[in-house]
Structure formats: C-alpha cells, structure tokens
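Chains as they are written, first to last, in my numbering: chain A, 4 to 360; chain B, -12 to 811.
Simulated from the structure, these hints should not be mistaken for laboratory data.
Check before you lean on any hint, since a few could be wrong.
[What the hints assert, rightly or not] Estimated spans, in silico, between C-beta atoms of each pair:
#: 1; chain 1: A; residue 1: Asp221; chain 2: B; residue 2: Arg566; range: 52 to 62 Å
#: 2; chain 1: A; residue 1: Pro178; chain 2: B; residue 2: Asp387; range: 19 to 29 Å
#: 3; chain 1: B; residue 1: Asp765; chain 2: A; residue 2: Arg357; range: 43 to 53 Å
#: 4; chain 1: B; residue 1: Thr501; chain 2: A; residue 2: Gln296; range: 42 to 52 Å
#: 5; chain 1: A; residue 1: Gln296; chain 2: B; residue 2: Thr488; range: 53 to 63 Å
#: 6; chain 1: A; residue 1: Arg61; chain 2: B; residue 2: Arg293; range: 53 to 63 Å
C-beta atoms are modelled at their ideal positions from N, C-alpha and C, and glycine is treated no differently.
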Amino acid sequence: MSTYSLHDLDQIVIDSLASVDALGTTEEFRERENELEGKRSPFAILQKTLGSLDADGRREAGARLQNARAAVRSALDAKWIVLAKAERDATLERDRLDLGDTVVSAITWPAEAGHSGLVASTQRSLEDVFVGMGFTVADGPEVETDWYNFEALNIPPAHPARGMWDTFYVELGEPETVLLRTHTSPTQIHLMEHAVATNSLPIHSVMPGRCFRRDTPDARHLATFHQIEGLVVDRGISFADLAGVIETFTRAYFGPDIESRLRPAYFPFTEPSAEFEITCTICRGDGCRTCSQTGWIELGGCGMIDPAVFEAVGIDAGEWSGFAFGFGIDRCAQMRHQIADMRALIENDVRFLRQFA
Amino acid sequence: MKIPLSWLAEFIDVPSDIDVLRATLDDLGLVVEGVEHVGAGLEDVVVARVEEIHAIEGADRIRRVIVTAGAEPVEIVCGAMNFDVGHHVPLAPVGAVLPGDFVIAQRKMRGVVSNGMLCSGRELGLGDDHGGLLLLDDQPGVTPGQRLLDLLGIAPDIVFDISPEGNRPDAWSVEGVARDVAARLELSVREVEVAEPNGAARTDTFATGSIEAPDLCGALLVSALRHVTVTDSPRWLQRRLEMAGMRAVSNVVDASNYVMLELGQPTHPYDAARVAGRHLGVRQARPGEALTTLDDTERVLGQPGRGLGDTGVDCVIVDGTDAVIGLAGIMGGASSEISPSTTDVLLEAAFFAPMVIARTSKRLSLRSEASSRFERGVDPTLAERATARFVAILKLTSPDLEWLASPVRAIGSTPPIPEITVTQANIDALLGTHVPVADAERLLTAIGFSVQRRDDVLTVAPSPARLDVRAGIAGRADVIEEIARLHGYRRLERRTPTWPTPGGLNERQQLRRTLRDVVIGLGGYEAWTPSLGSDEDFDLLHPNVPRVRITNPLASDESVLRASQMVGLVRAWARNAERGLGDVTLFEIGTVVQHPATVTTPREARGGVDGASLVPLPSENERLMILWGREGDDARTAVAAWSVIAERLRLLDVVVRTSDAPRGWHPTRFAQLVDRETGVAVGSVGEVDPDLASTLAPSGRTAPRLAVIDVDIDVLADSDQVRRRSSLANVPSRFPAAAVDLAFVVPNEVNAHDLAASLRSASDLVESVELFDVFRDDSLGTGVRSLAYAIRFAAADRTLSESDVADARGALIAAATSWGAVLR
C-alpha cells in the first residue's frame, strides 16, 4: 500500500485536480473517480492515520481532509458534465438521420395484428347502436367551468347535490370555477346552447367522453372513466319515449333477452328522473352475487330535461321537451367481458390488450 | 337511513311479506341498500346463573362451568374468562339456533360434555364485543331461566337500510317513509302520541328566544322543561337508536335523536342552568368568532371559504349575553351540554335555511345527522309537533317533568309554498301515459299535498315537508314526477320515437376511427395512459412551463394535466418491458392541454357564480401518438408508418422535414410532418431522446430506440390546414408506362420530398415518383448525398415515344438542377 503524509495533502489535491482535468472519456472518468474516492484513495488512507493524532490534531486534520475531498468531488462533478455532454453530442452526431431520406419501401415490420383498446371498441359499439337509432355523436371538452358541469344543470354552488360528484378542481380563475368534468352532461349544455344560437333544434345526440371523479380507484371504479350521454330535445317528447329508447338500446347492445326497467331517482337536471337497470348479464335474471340476488343491475341515470336546465340555455320549455340519459362505457365493458378488476383497463398490459379486437 | 320494521309498523300496517315491502320501497325510489335481520335466533336463549367453575385437567383455555337456568343445573364447557360464580350470563341450550344458523349441539371437549353454550354479545348479534360473555347483572330484574329477549325488552326485528334521494328531505324519517308506502299501498298512517304543555307558568317567565337573522332562520321554538331527571332511556328506545345507527347517551339526548329519526325534525336540548340569561337567540356569526363544538373542536366562524361564492355566512345560536353557544342546525357547543345534573332543559326546534347549513357544513367539514337534514330542507311547520313528541318520549323516563305553557315562538322567513297548476294534458304530455287526474289527486293527497281539482285541472300546494318542489313550470315537473313515482314507473308506457334526420358520425369522428383502424392495422396496441401526472413527469418535457394544476389532487403524482402523451406511453412501454413484453407498438388517441397563459387566444367559457364571468380555460388538443418499442425499429419505421397513415387519409402533400427537436425527442432524429402548401405542421416523427428513454426504462436495462409519431388530430381534421387529395376519379392510362430511374447528387439541405414534388410537377407525363435509394459517401463530395428516384411516365392518349420520354426526363433533370442537384 502506498503511504501518504498529511503534510503532502495540498500537493495531493493539486495533483488530483490536474488528473481530473486531463480526463478525456467517461470510461477514464469512472476509473479515476474510483481511484480518488475508493477505499484505496489517498484520502481514505490518510483518514486512517487520524486515529494516531490527539483530539485537536484529529479535528484539524479531519477538517482539512474533508475540504480536500470536497474539492475533488466538485472537480469530478464539473468534469462529468463536460464529458457526458461531449459523449452525448458525439453519440447524437453519429445517430444523425435526415428522416426525409427514408426509403419507405425498404422498411419492413413483422406481420402482427394490433388491438383496439377495450374502452374505445366499447365506445364504438355503443355509438353504432345509437347511430342506428338515429342519433348523431357529439364531443365536448374535458376541462369545464362550474357553469357547464353544475350550474346550468341546476346544481348551484354549495347545493348538497354537488356531493354526488367528487370533483377535481383546477387552479384557474376563482376557486372552484374550473374543473375536470365529472360527467358528460356539460356537453348537453354546449349542444343546447349551440342549437339555440344557430336556431337548429331539435337535437338527437349521444356524447361519449372521458370524465374524472376524485375517488380512490378500486376494482369497480377508476378516478378517470368514460361515459356516454344521450340527449333528445324535440317537440312532444315524453317519458314514454325515454323508456322506449332505453329499452331499444338495451336489447340492441346487450341482446334480445336483456330487459330494462326504470326506478325513481334524483338528478338535479332531470325531472322526472330515473335510474335504469337491466337484466343481470351474468345470471340472465336468475339472481347471482353480481346482482345481489336481485336479477337486475344498475346501468345509469336518465330523465326528462328539467325546466330549469332549459331556462339556463334559453330553450322554451313550453314548445320543446326532451330527455337525457347517461351511463358508464367502462362499466359496459366490464359487464360484457366480466372484468374482475377495472384497474386492468389502465395498466396497458399487452397480455390484456391482445384479448380484444 | 336505517329503519327498524317495528318502528315503521307503529305508523302503518306493514305488508307481511318483507320482499313486498322491499320491492315497494325500491319502486318508490327509496332504494333499499340492505335488509338486516337482528335479534333473530335469540328466542331460545335464556338467562343462566353461574354456580360453579372448575378447571379441566390438561386445558388452560377452557373451564367446566355449572349454571342454573331452571330446575336442573347444566354443565357447560366455556372458553371465556370474564365471569365469576354468581354472575348472570346468556345460555344457548342444546337445540338452540343462534344468528347465522349456528345450531347448538351437545359436544364433548377434553372428556367433559358441554350441554349448550354461554354467549358473547357478538355471538348473539347484540354488539361487537367478543372479549368475553355478555354479562347481564346490571339489567334490572335479571332472573335465571328468563328469556333473554324478555330481559332486554327486545324483539327480533328487521332493519331496512334505505338511501333516500337528495330531493326527498321528507324521506329522512320513519314517518316520511311510512307516508310514502301508505300512499302506494293505500294504507292509513297512524299519528304518534304527543304531550301537551302541563306547566302553570308561561315559558316566557322562564326563558326567551329571538331571531336576529330572519334570512337564516325561518322559525324558532324554545320550550322550557323543568324538573327533568337525566337518566338512561328505556332499553327498547336505546335499542331502536342503535338499530338506526345512533348511540344511546341519556334520556334527554336520546329523545331528541329519537324524534329526529322518527319525524325528521332535529332539535337541540340545552342545560338551562348553563345558558346565560336562559335566552336562545339566532344570528349570523361575526367574523372571527369561535365556538368549541360538542366534538371538542374549536371552530372559527364567519370566515369566507374556498367554495365558489362562499362569503363565510354562519348561523349561530347565542345566549343572553350574545355569546355563541351552538352552530345552528349542525352541532351544539360543549358549554351548554346536558349533564347528569341537569334539571331544567331548554329545547330548541327550528327551521334553518338549507343553503346556509350546507355551506357551513361543507366549509367546516362538519356533518351531523341534523345538518344533513337541515341542508336538504326540514318541514318549517314541524317544530311544534316534534317538540310535543320529544316531551312525550322524555316523560317515559322523567314522568315528573313540567313543560311550561306557551313555548316561545319567533318567526323569520320561510320558503313560500308554491301553488302549482297541473292539467290532465300536462301529465299525459310529460309522461306519455294517461294517468287520470283523479288518481293523481288521490296520490298527491296521500303524501300531504293539498290538491283542488276542477275538471281536468289540479291546483296543488305541496306538503311543507317537500321544500324540493319548486314553483311554476319546474314545480309542475316536480309534481308530475311525484304522480309518476306513486303511480309506479313500471306502469308507464314505452314507445320508441323516430325522427326524420339520420344518425351518423361527423367527419372528425370518422377520421378518429380511420386513424385508429390504420394504426391497429400497423400492429398498434391501443393504450390508455393517465391524463393526470406529476410535476416531475411534466418537467421531463416542459420544464418551467406553466401547467394546468389540480387544486385538490388525491396524490401528488396525479396533480398536473398532461401536455403530451409521451411520458405516459413510454411508461406503458416500460411496464411491459419490465415483464419481458417490450417488443410492442403502443398508441393512444387522447387529449392534452395547454395552460391558457401559454396560448395566444385562450379558450374561454361562462363560469363563476351564475355563470356571469368569462373564465379562461386550458386549450385542449386531441392527439395521436404511436410508440415503437420493438428492438430494431427506429425513426425510419415511424416515417414508413406515417406514409401509410398519410396514404390512408388521402393527404395531398405532407412532407417529412428535419427540424429542431423539442425537448424529449432525439435531437438528430426528428422531423416535422408539414403540409407543403399551407406550411402547417400536422405532427412530428422521430425517436424518444435516449436520455429520457433511459430515465423511464426499467432499471438496469438499456432502452432500445423508441420510435414515435405524434399527430395533431385537430389540425388533421381541418382541411384548410392539411389538404386532401381530390375525390375525383383519375382513370389510369391504358397505354404502357415507361419506367426511368434518376439518381442525383443533392445538397444535404434539400429535402428529398421537396425534390420529389418538383420532379412530379416537372412534366405532365409523370405518373409517380418514388425514392428508392439513398447513398452517402465521401466520394460524392461533402455536404451532399445521392437520392435515386424511380419514375413512371405515362400518357392517357398514347404510347409514349422515345422522344416523349427523353423530353420528360430532361424536364425532370432541369427541375432537379434548380435545387442544386446534379444528375449522377
């Protein structure tokens, strides 16, 4: 083992810094770094000699050693930045490609089918059913104001009904004015406002989209999820039309042996309101664990547009009437494919994805 | 809300079939979340007295116990240790069936025969305690051999857990639920027993009350109850409260809770001796005033909250010195709490404005059984009957109390009861089903609405218990909903409407589908990556850029809305790579956002209180990103894939043009996808920056080249920005085409696509131009490379002559020369 003396410490530091400065590659750097900071480094060896000193001497020498090590470390850090950048620059330069020069016919890739996401394919099937029933499809923004997500839907601030939707608020404007939509219903307001502004009523639309609720994800719920919402505003529309549309949709999407039923419920934006339930798709109505032995499972909410909503968007409730309904796209997928844990939908595991078209 | 069947049965003759009752409740919108049978299986359990306890040889966890529960002593083996000789305990004899269908049989343990089981509270379904046997010695009149149910004064019961909807303040009470069931099943509702004031003195000789804030408090009734004995409630009443999910405290507090559960009116009892001036006043809290509530928490009041439009209005109860002693309608203060030494009680029964209670409760995160009722709207006329009921209940355990005459009454403003006109035509039009007005009249009357019928017109005043029913046209919908609900949704008709306009997808939606299909055709797996990410992830691509932040995130790694899908997709790839499944192409179609401060013309929309202001919003942008994780793929794979996409979308002329890479992209393998004529970039193509890839790759692994396409679907959908090929057909020439290859030495600055476009337009005879070889070599000179194009010439009307081809070829070479290209 080499021997060093504390008297030489200043020279050792000068030599070390010079050797760091002379490094040319990251490979050399790693080697030198180890020599300067490892167990056999001069500083480590000198550290061991401190034990033979008296307390004052030890304190003073210890401080000098620490300063020396710090000086070397900062030189190493500075050098690393230079070397790493040079190496990265060299690599990038070697990599340089003019992508416009790509000879497309020379590129090949393996014959492999891709796969649609389960939510997207479910959304497509749902859209297709509604398009077949005469609905158009409308999109809406994911970040909304409280007006579209709540107030125009007859849910004023502090209304206890806001508790039905755990909301993510966005740091913009006054507190609680900007939010991530908690349902697709704000798109209804956009559609109605647009129809009023362009004098283009009636409306027969479905609105699919991504929604957010401030809710810890579990096997049945995700904080981010997808809904599809339906809206009809026309002359002479009644609750019977709503029930009929739900029924037609249920059979078309889930199958002819699946029925629907409505049960009184409360939504601030519809009156009368209903929950709609369908025959349990697992047991086909016989009763099982999924449906708590009732033979029915809850799918979504619906109702006749509340006059307050019409008033908010400027539609004459004397002339027009309408209904709305909404339910979870992810939930439809869960039911149809019997997905035990919804979190599989956001894990993007290719073994999951490749099971579906 | 949990309602024991026995309680409901005090109001109505309940159907004997529980399933019928459950279905009726569900069908009325009083959704039954659960039905629990309590006390069942206790019929055979008797009180036993412990006579002897003996150790069993070789066993230290069980003992031999002799008990008497009748004539003969019974020998039991028991594992509990919390009792002694002389104690009274529950005995389930052989043959008894305990809750959970647990059959008690004779058993032999360690050679000792056990003729039954001594039971813990939990085993009997009478509580959670299973630390030992349920000791019965504190029950008055406990006698060996007595039935346990008789001793405890309980009967088997069935508890319905009902979840009333938000617009049904009336249904948060046993009576309200009973009224609904009675209306549907055409039953009559019995009145509960109430007390009358029996004091000689007037209340105002002893106590006073006043409302200083009539907007916050619509009615205040202050009663004085003297000579009250504070003790325990009767066992049956305690049991009812427990079944309803509340804890028994003392007879005074229990009576208040009992009346709230039964009738829906929260009341608050004060120890009169601890209310200065024996005065209860209602006013708005002054900013900064504080109160220690019954839960021993100090609350600072009158402070504006973060809630939209929350100006910090709190309604408080004050004493004769104007000091705050309670948070009105939410929770009382600790200072005037009922104690065992209380002898005089002031009872407050009031109506508080629902919105004020809702706001305060939300701002202070303080919910109580009372606040959840007041914020929905308590019947403003209920205070007197509720007080009378309270006194009747309290008298059961405090028979000598004196309720002073003429309780003090103060009046504020209560919501007006609307008068609503509903015609037969209204009902039929909204429901699409003919429900005769006569039926409607009967149904509405049954739930306490006053109805006048003249011919086909009903004039309806809703019950004061139904403050949710509005005035005017909205109120008409409310009333018709009640008619439909009580009539039965299942009896309503169904018809499928039709309309003369076709359904369909718009161009944007069709484009989205086409994109998805073509990427799937290219082998892409569709991912769904998080819209919300961490600041750290955001900084990877956009350091020091304003971001759209969530005010109340659940976790810090879900607190920022993404501005790119790249990090999410690379993470999704890494997750698969970690499992050895990284050989995959992933894609996502989704929304990214930009902070309004970073956008020239931010999106704006109505927002704020009453939607009265214009609020700047994040710009939303729909994008497609594809990421290749397969070993061997690189940016050129992405370029090839883009050419397939562009072809499928019939894009006219989008070129791949090398450009400076934004952060996160490989700096020397990046190009923009630019419409040549409009100059608009529709997206980018390249690779993930190797540093970013190794940051996100599974630890200990070198990331492969991750090729990426990023497409702006908003731009793609706009045909003004990205031009499409004409939809007019071009019938190919029947005459043979001539194929010519041309190789040029081209300066590096010249884009191969630009050159190809020039070649294409240099002659009318050009049918196609395709790059087929790129060659770089020092022998060509510096700053240049060779580009070789395969060209087809054809004419619609003739076979090309040699001179045709030569002319065309010359024209193309000339075009190339203008770019500085030299024919090789």
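How the hints compare with the structure:
Taking 52 to 62 Å as the suggested C-beta distance range, the pair A/Asp221 and B/Arg566 does not conform, at roughly 23 Å. The hint said 19 to 29 Å for the Cβ distance between A/Pro178 and B/Asp387, and at roughly 55 Å that hint is violated. At about 47 Å, the CB distance of B/Asp765 to A/Arg357 agrees with the hint of 43 to 53 Å. In this structure, B/Thr501 and A/Gln296 meet the distance hint of 42 to 52 Å, their C-beta atoms being roughly 45 Å apart.
In this structure, A/Gln296 and B/Thr488 break the distance hint of 53 to 63 Å, their C-beta atoms being roughly 43 Å apart. The supplied range of 53 to 63 Å is met by A/Arg61 and B/Arg293, whose beta-carbon atoms lie about 57 Å from each other.
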